Amino acid sequence: MLQMRKYSPELDSSNRLLMLLEQCCPDIPAVHDALERHTRLHHQLEMQNDLHSRALAEWQLALERRWRWEVAAQRIYIRIQHMIRDQFGSDSPQSQALTPAELVGTADEMLRELRRLYATLLVCTPVPISMATLQQLGDARDNLAMALAETQRCKRAWRQVMLEHRMILSAYQRAFEETQQELGAFMSPDVSSEMAALAFE
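The sequence shown lines up with residues 1376 to 1576 when you count with our numbering.
Because the hints were derived from the structure by calculation, they are not lab data.
Hints should not be assumed to be uniformly reliable.
[Said to hold, decoys possible] Distance ranges between label pairs, derived from CB positions:
hint, residue 1, residue 2, range
1, Q1555, L1386, 18 to 26 Å
2, N1390, G1480, 44 to 52 Å
3, E1569, P1404, 18 to 26 Å
4, L1386, L1436, 53 to 61 Å
Keep in mind the model is a prediction, meaning the values are calculated, not measured.
Heads up, the beta-carbon is just placed ideally off N, CA and C, and yes, glycines get one too.
Using the sequences and the hints, build the whole thing.
In structure tokens:
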């Protein structure tokens, strides 16, 4: 299936620069060299733009998965909390020790509370919930831990792509400025003005 490349102002400027160079005396060695240089940079920009789009999409998917597992963890925690309070009473020492409060805060705080509750329930005699429910708690803990780790991995990957993207943009900007200086003598005022309008930070 054909996928359309996401619009990028940098790619648009680069593409317009290539078209301008192709129309500006390509037989002149300096223009020919500039055209080759900017063609290579344009391909690098295209690849980096695709990498950025994929990295961002993967990070967004990881965030969505993490949110789903946060919701699942919240539900199992509340269910166990109700079971324990129904069994021992809401204000009993057992209820306060096992599930002292609503499960709120960051996802990392939620994971720590799930781990604490699971470890505490394991040493209770007898265990105040069914083993099936305890297994569901363990699964929620593990799934949330994996989702958090995947989210962090995708975030680091996206940041690395962003760093590489900035480096390529910097290289492009330097090449653009050099091209302006080198080809100034071969361009009409109109072409020079058009080229100046293609600069980007």
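Each hint tested on the structure:
no.: 1; hint: Q1555 - L1386: 18 to 26 Å; result: holds (19 Å)
no.: 2; hint: N1390 - G1480: 44 to 52 Å; result: holds (48 Å)
no.: 3; hint: E1569 - P1404: 18 to 26 Å; result: holds (22 Å)
no.: 4; hint: L1386 - L1436: 53 to 61 Å; result: violated (24 Å)
Hint violations for this structure: number 4 only, all remaining hints satisfied.
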